Amino acid sequence: MYNLQELAQFIDAKLIGDADVKVSSVASAISAKNNQLTYVVNQKYKSDLVSTQAGVVILNHDLLKDCPTNALVVDDVYLAFAKITHYFKKEVTPANGIHSSAKTGQAIIAQNCTIGKEVVIGRNTTISSNTVIEDGVTIGDNTYIHPNVTILQGCSIGDNVVVSPGAVIGSEGFGNARDNQNKWHTIAHLGNVVIGNNVTIGANTTIDRGTLEDTQIHNGVRLDNLIHIAHNVIIGQDTAIAANTGIAGSTILGKRCMIGGMVGIVGHLNICDDVIVNAKSTVDKDIKTPGMYTGILPLMPHKQWQNVGLWLVKLDKIVKYLNIKLKNLKD
Amino acid sequence: MYNLQELAQFIDAKLIGDADVKVSSVASAISAKNNQLTYVVNQKYKSDLVSTQAGVVILNHDLLKDCPTNALVVDDVYLAFAKITHYFKKEVTPANGIHSSAKTGQAIIAQNCTIGKEVVIGRNTTISSNTVIEDGVTIGDNTYIHPNVTILQGCSIGDNVVVSPGAVIGSEGFGNARDNQNKWHTIAHLGNVVIGNNVTIGANTTIDRGTLEDTQIHNGVRLDNLIHIAHNVIIGQDTAIAANTGIAGSTILGKRCMIGGMVGIVGHLNICDDVIVNAKSTVDKDIKTPGMYTGILPLMPHKQWQNVGLWLVKLDKIVKYLNIKLKNLKD
Amino acid sequence: MYNLQELAQFIDAKLIGDADVKVSSVASAISAKNNQLTYVVNQKYKSDLVSTQAGVVILNHDLLKDCPTNALVVDDVYLAFAKITHYFKKEVTPANGIHSSAKTGQAIIAQNCTIGKEVVIGRNTTISSNTVIEDGVTIGDNTYIHPNVTILQGCSIGDNVVVSPGAVIGSEGFGNARDNQNKWHTIAHLGNVVIGNNVTIGANTTIDRGTLEDTQIHNGVRLDNLIHIAHNVIIGQDTAIAANTGIAGSTILGKRCMIGGMVGIVGHLNICDDVIVNAKSTVDKDIKTPGMYTGILPLMPHKQWQNVGLWLVKLDKIVKYLNIKLKNLKD
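Heads up: the sequence lines are chains A, B and C, in that order.
So the first sequence is numbered by my numbering: it starts at 11 and just counts up by one.
So the second sequence is numbered by my numbering: it starts at 11 and just counts up by one.
So the third sequence is numbered by my numbering: it starts at 11 and just counts up by one.
Derived from the structure by calculation, the hints contain no laboratory data.
Where hints are given, some of them may not hold.
What the hints assert, rightly or not - Restricting the straight-line Cα-Cα distance to at most 27 Å, the calculated cross-link-like pairs of lysine-lysine (BS3-like) are:
hint, chain 1, residue 1, chain 2, residue 2
1, B, K313, A, K54
2, A, K337, C, K324
3, B, K327, C, K330
4, C, K330, B, K337
5, A, K337, C, K340
6, A, K335, B, K330
7, B, K330, C, K340
8, C, K340, B, K327
9, C, K24, A, K340
10, A, K335, B, K54
11, C, K127, A, K327
12, C, K337, A, K327
13, A, K324, B, K313
14, C, K99, A, K330
15, B, K327, C, K313
16, B, K313, C, K335
17, A, K327, B, K330
18, A, K324, C, K313
19, C, K335, B, K337
20, C, K113, C, K24
21, B, K340, C, K313
22, A, K337, B, K330
23, C, K327, B, K327
24, C, K313, A, K337
25, C, K265, B, K313
26, A, K324, C, K298
27, A, K295, B, K337
28, B, K324, A, K313
29, A, K298, B, K324
To be verified - Computed footprint of chain C on chain A, listed as stretches where at least three residues anywhere in the stretch have a Cβ under 8 Å from a Cβ of chain C:
hint, region
30, 193-201
31, 219-228
All values derive from a computational prediction rather than experimental measurement.
Glycine included, C-beta positions come from ideal geometry on N, C-alpha and C.
Can you build the whole structure from these sequences, using the hints too?
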């Protein structure tokens with residue numbers, strides 16, 4: 011818990027409002043309460059600002075007149091937000107064995123595991139050798155965690171889940187703010203990963219925690235090996251995703267989707283229910299209609315590809331040229 | 011070992027035949043013996059059914075008349091198969107240190123390793139720190155297993171093999187049956203991974219076990235980092251595969267192939283010997299002729315790509331339009 | 011340290027020169043000193059040979075006349091080089107706990123870690139549970155190494171670095187020489203990985219050591235999850251790379267680049283400063299001009315893609331056909 015005076019100092023901001031107000035955590039402008047800090051990066055989010063219930067808002071000078079609460083005024087809002095997140099990150103105490111406050115009485119825990127503070131593990135759940143579970147994690151019943159898995163602080167996993175070897179759950183999201191000298195400043199990710207029931211997670215798959223809200227894997231989801239799920243992604247119930255696929259930040263996948271292997275889905279998209287994306291495709295826009303989608307260049311003998319490739323990169327010029335030719339001929 | 015009465019109950023099937031017959035494992039219709047169970051999903055595999063030696067077959071009512079042995083009749087064969095595999099999966103006892111039944115006398119085993127029941131490790135083989143080797147694994151001579159590796163139950167590795175850090179060998183295959191409510195049911199994979207001699211496996215690469223038969227990596231194969239090899243894949247002798255590549259289930263690669271980085275090879279394909287696939291290509295059909303193959307869109311400055319992309323997605327329409335124009339002009 | 015007599019025997023070479031000369035390590039022809047061995051694969055590198063300061067050079071008979079120093083003459087230079095590297099590889103002693111020669115007094119080290127010989131870890135640096143750090147690694151101050159990480163022998167990491175769970179630093183490069191029977195011979199990679207200050211490395215990302223020189227990750231770099239960085243890659247200051255991307259051997263990336271997710275960059279390229287490559291693109295040639303680049307096929311409904319794809323693979327034929335038609339019409 012910090013008062014606004016302290017927060018202003020942390021990020022070198024001008025405080026407009028009550029220096030003694032205290033905030034205990036960070037939330038989005040829409041969901042923040044009066045004991046929380048939020049930020050509004052630009053005019054695009056003005057309506058969120060106007061109605062926010064937050065105790066204090068990091069913002070630019072030009073948004074100050076629309077701020078209904080205390081303000082921390084800075085030049086670069088996103089950078090200030092990145093810096094301040096680190097003050098709200100929970101520390102992890104490097105654990106030794108099973109922490110005395112962990113509730114694991116009905117679980118089977120193999121050797122060389124590390125179980126952190128206040129971890130709760132359910133009935134008939136197995137934690138295999140050399141797996142590390144950090145502070146505050148909760149795991150349900152009848153779940154099987156394979157060897158060499160890492161589950162980071164505060165994440166939760168439901169019942170009847172399988173986590174395959176080498177998987178990482180709750181790694182930091184890839185969110186960074188750039189300063190005016192092009193240096194990156196890491197955002198400390200304060201959300202968790204929440205995994206429902208009857209989910210399977212493949213070997214060496216990584217799921218990042220959310221920035222402020224949680225990354226969510228809903229009931230019945232199937233994730234294959236070596237998949238990357240970025241911060242704040244939501245994967246709808248009973249969706250299955252094949253190996254090597256990556257989903258960038260804040261994208262929402264519907265229910266019962268089937269995503270092929272090595273598909274790349276860019277960030278901030280909405281994919282509706284019952285979508286099939288074929289292997290190796292790139293999804294670079296929202297999908298609003300159920301059905302099957304593809305975007306790959308067919309395989310060719312290399313010599314053929316060299317010929318085709320020559321024209322591919324000037325397809326626009328070819329089409330225009332031919333249209334002109336046709337027009338000339340017609341005239 | 012279960013009798014047919016029990017099996018019928020497990021999957022809610024109608025038993026046609028001798029309830030007292032016992033089966034001890036599961037095999038494909040072609041290879042199953044009279045103490046094994048098999049399944050036939052539809053008419054396409056009728057010839058396998060007619061000649062099967064299996065003790066019992068899971069099938070639909072309409073295939074019953076062609077069944078030469080005991081039958082377990084269900085509506086959804088694949089789903090029933092998925093459910094029944096779990097009864098044949100061997101349990102892994104969470105191990106503590108080196109199990110007393112393991113034969114590791116001539117190997118070098120670092121600290122914090124877990125070596126399961128009846129593991130056999132050869133002469134002059136090194137198992138590095140924090141590696142987990144489950145029950146029944148066999149490893150040959152002069153092999154080097156790096157730290158933080160996981161080798162799951164029953165897999166075998168030959169002589170002079172290198173397994174890099176974080177690799178996972180024998181993870182569950184990504185096979186799931188969907189029920190009529192679109193819920194996924196995991197298939198328990200009963201095959202193993204069999205790795206020959208003189209093979210190298212890269213860091214954080216994952217190799218899934220087979221469904222009924224084994225996933226096979228033949229002698230002399232080179233696998234780079236972060237590769238995904240799915241269930242029942244067979245990689246022929248002296249084939250080399252670069253990083254980030256994924257090979258989907260049941261695909262067979264020939265000998266001496268060179269597969270570039272981040273190539274995606276879809277499932278159930280046959281790739282002949284001496285094939286080179288360039289980096290980032292998608293292989294979506296059998297390759298029957300040795301040679302070099304490619305399928306990528308060349309890199310362009312983004313503005314150029316935007317122009318080209320506009321036409322790419324309507325290439326079919328453009329070609330048709332131009333042909334019509336040409337025809338009209340001719341007339 | 012070996013004398014030339016011994017080295018000639020190791021690779022079955024003809025020694026031209028002084029059998030008693032001793033060399034202690036391997037270097038490139040340009041940088042090698044008189045106590046080092048080098049190799050020159052063909053006429054293309056003749057100028058490097060002519061000016062080399064190496065104690066001995068592995069080369070073909072036809073380059074012998076241009077060799078200013080001792081020579082080891084073989085038929086297949088690259089294969090001989092691959093074989094001889096193994097004699098210069100440092101052995102790693104499987105460690106137990108924290109080696110007595112390690113300097114870790116001001117670091118926080120969790121349980122089940124392995125810290126090798128002569129490791130140096132700085133002030134206020136955390137090594138989390140089940141992480142393995144091999145001989146000779148150095149790590150700076152205020153660095154945070156997450157659980158289940160592997161850092162292999164001789165690598166170095168700067169200050170204020172974060173290494174996420176499951177990352178592997180210093181795995182062997184994917185370099186192999188093929189003999190005349192198409193068998194692969196692994197090159198032992200003798201370089202290290204050198205990571206600067208203020209770098210973050212994502213979960214399950216792998217960074218290979220260099221062949222002779224080091225793989226370099228400069229200050230301020232941001233690497234997301236499941237990235238593959240091959241041997242001898244150099245990543246310039248403040249460059250950020252998103253998840254699932256792979257960079258092949260010896261490629262040099264400039265400063266302040268932003269590389270999207272699942273991008274593939276082939277080997278031996280030079281990418282200049284301030285380049286943006288969009289997600290899923292393939293980079294297959296040098297980039298000499300700052301700016302944004304893309305190379306993906308746009309996503310389409312599958313039926314549309316089938317139509318477009320039909321024409322894509324014969325684009326060269328279509329263009330030629332239309333040009334001929336146009337010409338005929340004109341005449």
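Among all the numbered hints in the text so far, which are the ones the structure does not match? Violated hints (numbers, rising): 9, 10, 11, 14, 16, 20, 21, 24, 27 and 31; every other hint is consistent with the structure.
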